[in-house]
Amino acid sequence: MNHHRRLQLTKDGRLRHFIAIEGLPRAILLSILDTAEGFAGVGNQAVKKVPLLRGKTIVNLFFESSTRTRTTFEVAAKRLSADVINFNISTSSASKGESLLDTLRNLEAMQTDMFVVRHDESGAAHFIAQQVAPHVSVINAGDGRHAHPTQAMLDMFTIRRHFGEFAPLNVAIVGDLLHSRVARSQIHALTTLQVNEVRVIGPKTLIPKGIEQMGVHVYHDMQSGLRDVDVIIMLRLQRERMHGAFIPSEHEYFQVYGLTPERLAYAKPNAIVMHPGPINRGVEIDSAVADGPQSVILEQVTNGIAVRMAVMALTMGSYATQGEA
Amino acid sequence: MRIHIQGGRVLDPANDVDAQRDVYIADGRILAVGDAPKGFNSDRVINARGHIVCPGLIDMQARLREPGNEHKGTILSETRAAAAAGITSLCCPPDTLPVVDTPAVAELIYERALTAGYAKVLTLGALTKGLEGTLIAEMKALLDVGCVGVSNAWRPITNTLVMRRAMEYAATFDLPVFLHAEDPYLHAGGCAHEGAISTRLGLGGIPEIAETIAVARDLALVEETGARAHFCQLSTARGMDMVLAAQARGLPVTADVSIHHLHLTEMDIGDYNALCHVRPPLRTQRDRDGLRRAILRGVAVCSAHQPHEPDAKAGPYAETEPGIAGLESLLPLTLRLVDDGVCTLLEALASLTVRPARILGVSSGSLSVGADADVCIFDPQREWRLADQDQMLSHGRNTPFFHWDLRGQVTHTLLNGRVVYTATAQPA
Numbered sequence: 001m002n003h004h005r006r007l008q009l010t011k012d013g014r015l016r017h018f019i020a021i022e023g024l025p026r027a028i029l030l031s032i033l034d035t036a037e038g039f040a041g042v043g044n045q046a047v048k049k050v051p052l053l054r055g056k057t058i059v060n061l062f063f064e065s066s067t068r069t070r071t072t073f074e075v076a077a078k079r080l081s082a083d084v085i086n087f088n089i090s091t092s093s094a095s096k097g098e099s100l101l102d103t104l105r106n107l108e109a110m111q112t113d114m115f116v117v118r119h120d121e122s123g124a125a126h127f128i129a130q131q132v133a134p135h136v137s138v139i140n141a142g143d144g145r146h147a148h149p150t151q152a153m154l155d156m157f158t159i160r161r162h163f164g165e166f167a168p169l170n171v172a173i174v175g176d177l178l179h180s181r182v183a184r185s186q187i188h189a190l191t192t193l194q195v196n197e198v199r200v201i202g203p204k205t206l207i208p209k210g211i212e213q214m215g216v217h218v219y220h221d222m223q224s225g226l227r228d229v230d231v232i233i234m235l236r237l238q239r240e241r242m243h244g245a246f247i248p249s250e251h252e253y254f255q256v257y258g259l260t261p262e263r264l265a266y267a268k269p270n271a272i273v274m275h276p277g278p279i280n281r282g283v284e285i286d287s288a289v290a291d292g293p294q295s296v297i298l299e300q301v302t303n304g305i306a307v308r309m310a311v312m313a314l315t316m317g318s319y320a321t322q323g324e325a
Numbered sequence: 326m327r328i329h330i331q332g333g334r335v336l337d338p339a340n341d342v343d344a345q346r347d348v349y350i351a352d353g354r355i356l357a358v359g360d361a362p363k364g365f366n367s368d369r370v371i372n373a374r375g376h377i378v379c380p381g382l383i384d385m386q387a388r389l390r391e392p393g394n395e396h397k398g399t400i401l402s403e404t405r406a407a408a409a410a411g412i413t414s415l416c417c418p419p420d421t422l423p424v425v426d427t428p429a430v431a432e433l434i435y436e437r438a439l440t441a442g443y444a445k446v447l448t449l450g451a452l453t454k455g456l457e458g459t460l461i462a463e464m465k466a467l468l469d470v471g472c473v474g475v476s477n478a479w480r481p482i483t484n485t486l487v488m489r490r491a492m493e494y495a496a497t498f499d500l501p502v503f504l505h506a507e508d509p510y511l512h513a514g515g516c517a518h519e520g521a522i523s524t525r526l527g528l529g530g531i532p533e534i535a536e537t538i539a540v541a542r543d544l545a546l547v548e549e550t551g552a553r554a555h556f557c558q559l560s561t562a563r564g565m566d567m568v569l570a571a572q573a574r575g576l577p578v579t580a581d582v583s584i585h586h587l588h589l590t591e592m593d594i595g596d597y598n599a600l601c602h603v604r605p606p607l608r609t610q611r612d613r614d615g616l617r618r619a620i621l622r623g624v625a626v627c628s629a630h631q632p633h634e635p636d637a638k639a640g641p642y643a644e645t646e647p648g649i650a651g652l653e654s655l656l657p658l659t660l661r662l663v664d665d666g667v668c669t670l671l672e673a674l675a676s677l678t679v680r681p682a683r684i685l686g687v688s689s690g691s692l693s694v695g696a697d698a699d700v701c702i703f704d705p706q707r708e709w710r711l712a713d714q715d716q717m718l719s720h721g722r723n724t725p726f727f728h729w730d731l732r733g734q735v736t737h738t739l740l741n742g743r744v745v746y747t748a749t750a751q752p753a
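Line order of the protein sequences matches chains L and G.
Here the first sequence stands for residues 1 to 325, numbered as in my numbering.
Here the second sequence stands for residues 326 to 753, numbered as in my numbering.
If you are wondering where the hints come from, they were derived from the structure by calculation, not from laboratory data.
Small disclaimer: the values here were computed from a predicted structure and weren't measured.
All C-beta atoms in this analysis are idealised placements derived from N, C-alpha and C, irrespective of residue type, glycine included.
There's no promise every hint is true.
Computed Cβ-Cβ distance ranges for the label pairs, DEER-style [as the list claims (entries may be wrong)]:
| hint | chain 1 | residue 1 | chain 2 | residue 2 | range |
| --- | --- | --- | --- | --- | --- |
| 1 | G | G551 | L | S65 | 54 to 60 Å |
| 2 | G | P635 | L | H135 | 22 to 28 Å |
| 3 | L | Q255 | G | Q610 | 38 to 44 Å |
| 4 | L | Q131 | G | M326 | 47 to 53 Å |
| 5 | G | L460 | L | Q111 | 41 to 47 Å |
| 6 | L | T205 | G | G393 | 48 to 54 Å |
| 7 | G | Q345 | L | Q130 | 48 to 54 Å |
| 8 | G | G471 | L | S65 | 49 to 55 Å |
| 9 | G | G393 | L | Q255 | 37 to 43 Å |
| 10 | L | H135 | G | L460 | 55 to 61 Å |
35 Å max Cα-Cα, derived DSBU-like pairs, lysine-lysine [stated by the list, open to error]:
| hint | chain 1 | residue 1 | chain 2 | residue 2 |
| --- | --- | --- | --- | --- |
| 11 | G | K638 | L | K56 |
| 12 | G | K465 | L | K209 |
| 13 | L | K48 | L | K78 |
| 14 | L | K78 | L | K11 |
| 15 | L | K268 | L | K209 |
| 16 | G | K465 | G | K454 |
| 17 | L | K11 | L | K48 |
| 18 | L | K204 | G | K638 |
| 19 | L | K78 | L | K49 |
| 20 | L | K11 | G | K363 |
On the chain G side, residues computed to face chain L include the following (Cβ under 7 Å) [to be verified]:
| hint | residue |
| --- | --- |
| 21 | A344 |
| 22 | G640 |
| 23 | Y642 |
| 24 | P647 |
Kindly generate the complete structure, drawing on both the sequences and the hints.
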């Protein structure tokens with residue numbers, strides 16, 4: 001929607017915040033991928049740093065605990081030479097009754113240049129981006145069920161590295177689409193980058209109403225859903241959804257939707273298997289597949305750092321160029 | 326005070342009147358409409374030429390926030406806003422703090438309203454004690470103190486046996502039961518209509534069946550218990566059709582719809598516009614159109630006024646409090662239905678006067694001779710906007726209708742023959 005676009009881009013069309021994939025033009029997504037390619041080598045240098053964001057202060061504002069995502073953002077920021085402050089709100093101000101807005105104002109008063117925000121409510125990053133001072137950028141590290149755009153971009157990066165192009169690809173996203181912010185961002189990214197087809201596969205309890213309107217085809221069985229697919233993205237099944245509420249048991253879920261070597265064979269022979277992690281072995285994916293030759297799960301983690309560096313550099317850079325103009 | 330309202334176009338849906346007539350008021354009542362009574366000398370003449378003179382509006386549902394939430398609004402602040410909007414009677418749900426489950430709380434509200442002197446304030450009593458949905462409230466005592474009906478507001482009564490007994494008990498005293506049809510399990514803590522938009526935004530969805538299943542249950546209970554029931558703020562076309570079909574079958578049921586459901590849809594949430602966070606949620610275009618058609622079938626319109634402090638709307642969408650401060654846009658948005666070709670002017674005004682009066686069982690809502698002189702005079706052509714928040718009189722400034730082009734502005738409001746609001750002259 002245009003709303004997203006208006007908030008995320010500067011007047012001259014550069015990235016100012018990174019809240020959601022939705023509404024961003026294809027060229028911006030490609031520029032993130034290209035910039036990330038440039039940063040991909042930094043991790044292999046003897047000195048794993050570039051001085052791009054030296055003197056900048058980045059606050060990791062996590063209202064929902066997450067060690068993995070926070071760590072990759074922290075590594076990305078440090079490789080860009082920024083100063084990083086981690087703020088875990090679930091254990092600090094929120095429990096003292098301070099409002100989100102008050103927390104934000106306080107941190108802003110410490111001359112923060114960028115907030116990396118994770119929150120358990122959809123729209124939280126959007127709300128924060130509307131509130132911050134003009135020189136502050138906001139990156140969404142996951143809001144409720146809405147979006148996790150950096151995860152989606154690192155997946156796109158991984159896909160492009162394997163196939164070189166998006167147009168001919170069929171992609172299947174399997175599992176708990178209902179609760180997944182990752183899936184929503186992936187769908188927007190894949191449709192914006194114009195892959196051939198996006199499919200979602202899962203039981204009706206985990207496929208949200210009206211998802212077809214995001215440009216996907218819905219399947220309820222793996223055999224037809226995985227046919228001719230180039231990329232299989234498995235979603236994590238949260239423990240709290242497993243027992244009776246949405247599916248009867250982990251066992252039955254694995255029987256129907258678990259990615260086994262036999263089911264992987266329904267897809268194209270060179271298909272890759274992705275997972276945003278952390279994986280539940282034996283629930284959504286068989287260890288033989290997770291550790292197998294078609295799995296790119298660990299590559300995704302490595303690529304996550306370069307992609308997050310790219311997003312940080314582009315959002316901060318957009319302010320600098322605009323400021324000079 | 327003897328008042329002569331001169332030269333206006335009188336629109337009185339209760340008496341099916343639409344004609345240019347003079348209105349004569351004495352001793353707080355309508356003395357005559359048309360020719361001057363013999364020997365009438367007015368203390369004051371109100372020139373209503375080019376304006377519409379109609380019964381004071383009756384708002385089926387408005388939260389005034391007092392007692393308990395005075396930081397959001399008070400009886401004084403909200404009835405003053407009502408008077409400026411041409412509203413002379415309002416009905417408050419019982420979910421104040423404390424709830425209206427004892428005569429004392431109802432009396433407190435009446436007393437404050439009387440002291441304020443801007444509008445007649447009616448209340449609904451609690452259907453169950455503390456609105457907890459387990460024990461039935463002292464409905465007879467609430468009836469005796471003046472409650473016009475009983476309701477559990479948005480608090481669910483999940484136990485159908487409790488609901489049956491509450492309805493049976495209310496029916497004993499012919500006390501109407503005001504229902505908010507919402508299945509709490511299907512509501513599931515959601516905050517937006519379940520569909521493509523809630524899916525895209527990742528917001529918890531409230532499906533259509535949360536309303537229709539509750540309507541179906543409650544209609545069956547009405548049929549069983551013989552209670553008179555009124556369905557508040559229906560949000561789905563199907564739910565509305567079910568109630569109107571039951572009404573056509575002869576069941577003693579009525580319905581209202583909030584004005585924002587007649588103008589907005591889920592699309593208006595845009596990117597998490599918390600001002601569009603309402604309960605029940607904004608639904609589809611199809612629902613909006615279905616609800617609009619119901620205006621032709623006799624339903625009432627309410628503001629569902631819920632003033633909030635700014636903080637209540639500042640946060641991620643699901644964490645914000647639902648509701649719109651709707652008093653001041655009620656009339657122009659209802660008139661807009663006429664411009665949109667939904668209904669006639671007489672039907673639009675009926676939905677704000679005679680229909681709510683009949684549902685609430687009050688004698689106001691008409692300009693009949695002898696009736697309380699509750700009168701609204703408005704300029705139907707005057708265009709204005711809620712452009713400046715400070716222009717609102719309600720303590721709550723939470724409205725998604727800022728900057729909408731509104732047409733129709735109140736110039737005078739009379740309550741019991743007393744002028745309680747006069748618009749200050751503004752350059753046209």
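Okay, the hints, checked on the actual structure:
1. A hinted range of 54 to 60 Å holds for the C-beta pair G551/G and S65/L, which are about 55 Å apart.
2. For P635/G and H135/L, the Cβ-Cβ distance of about 25 Å falls inside the hinted range of 22 to 28 Å, so the restraint holds.
3. Remark: the range hint 38 to 44 Å for Q255/L to Q610/G is upheld by a beta-carbon distance near 41 Å.
4. About 52 Å separates the C-beta atoms of Q131/L and M326/G, a value consistent with the hinted range of 47 to 53 Å.
5. Range check, L460/G to Q111/L: Cβ separation about 57 Å, and the 41 to 47 Å hint is violated.
6. The given range of 48 to 54 Å is broken by T205/L and G393/G, whose C-beta atoms sit roughly 40 Å from each other.
7. Take Q345/G and Q130/L: their Cβ atoms lie about 51 Å apart, and the range 48 to 54 Å holds.
8. The supplied range of 49 to 55 Å is met by G471/G and S65/L, whose beta-carbon atoms lie about 53 Å from each other.
9. At about 53 Å, the beta-carbon gap between G393/G and Q255/L misses the expected band of 37 to 43 Å.
10. With their beta carbons about 58 Å apart, H135/L and L460/G fall inside the hinted range of 55 to 61 Å.
11. A hinted pair counts as satisfied when its Cα atoms are at most 35 Å apart, and K638/G with K56/L qualifies at roughly 32 Å.
12. For a cut-off of 35 Å, the pair hint linking K465/G to K209/L is broken: about 45 Å separates their Cα positions.
13. With a C-alpha separation of about 9 Å, the suggested pair K48/L and K78/L falls inside the 35 Å cut-off, and the hint holds.
14. At roughly 29 Å between alpha-carbon atoms, K78/L and K11/L fall within 35 Å of each other, so this suggested pair holds.
15. A C-alpha spacing of about 29 Å is found between K268/L and K209/L, which places the hinted pair at or below 35 Å, so the restraint holds.
16. With a C-alpha separation of about 13 Å, the suggested pairing of K465/G with K454/G holds against the 35 Å cut-off.
17. Between K11/L and K48/L the alpha-carbon distance is near 34 Å, which keeps this suggested pair within the 35 Å criterion.
18. This hinted pair checks out: K204/L and K638/G have alpha carbons roughly 34 Å apart, not beyond 35 Å.
19. With a C-alpha separation of about 7 Å, the suggested pair K78/L and K49/L falls inside the 35 Å cut-off, and the hint holds.
20. Annotation: proposed proximity of K11/L to K363/G is violated, straight-line Cα distance about 72 Å (limit 35 Å).
21. At about 48 Å, the closest approach between the beta carbon of A344/G and any beta carbon in chain L exceeds 7 Å, and the interface hint on this residue is violated.
22. The interface hint given for G640/G is met, as the beta carbon of that residue sits about 6 Å from the closest beta carbon of chain L, less than 7 Å.
23. Given hint, Y642/G at the interface with chain L, holds; its Cβ is 4 Å from that chain's nearest Cβ, closer than 7 Å.
24. The closest approach between the C-beta of P647/G and any C-beta of chain L is roughly 15 Å, which is over the 7 Å cut-off, so the hint fails.
In summary, the structure is inconsistent with hints 5, 6, 9, 12, 20, 21, 24 from the numbered list given earlier, while agreeing with the others.
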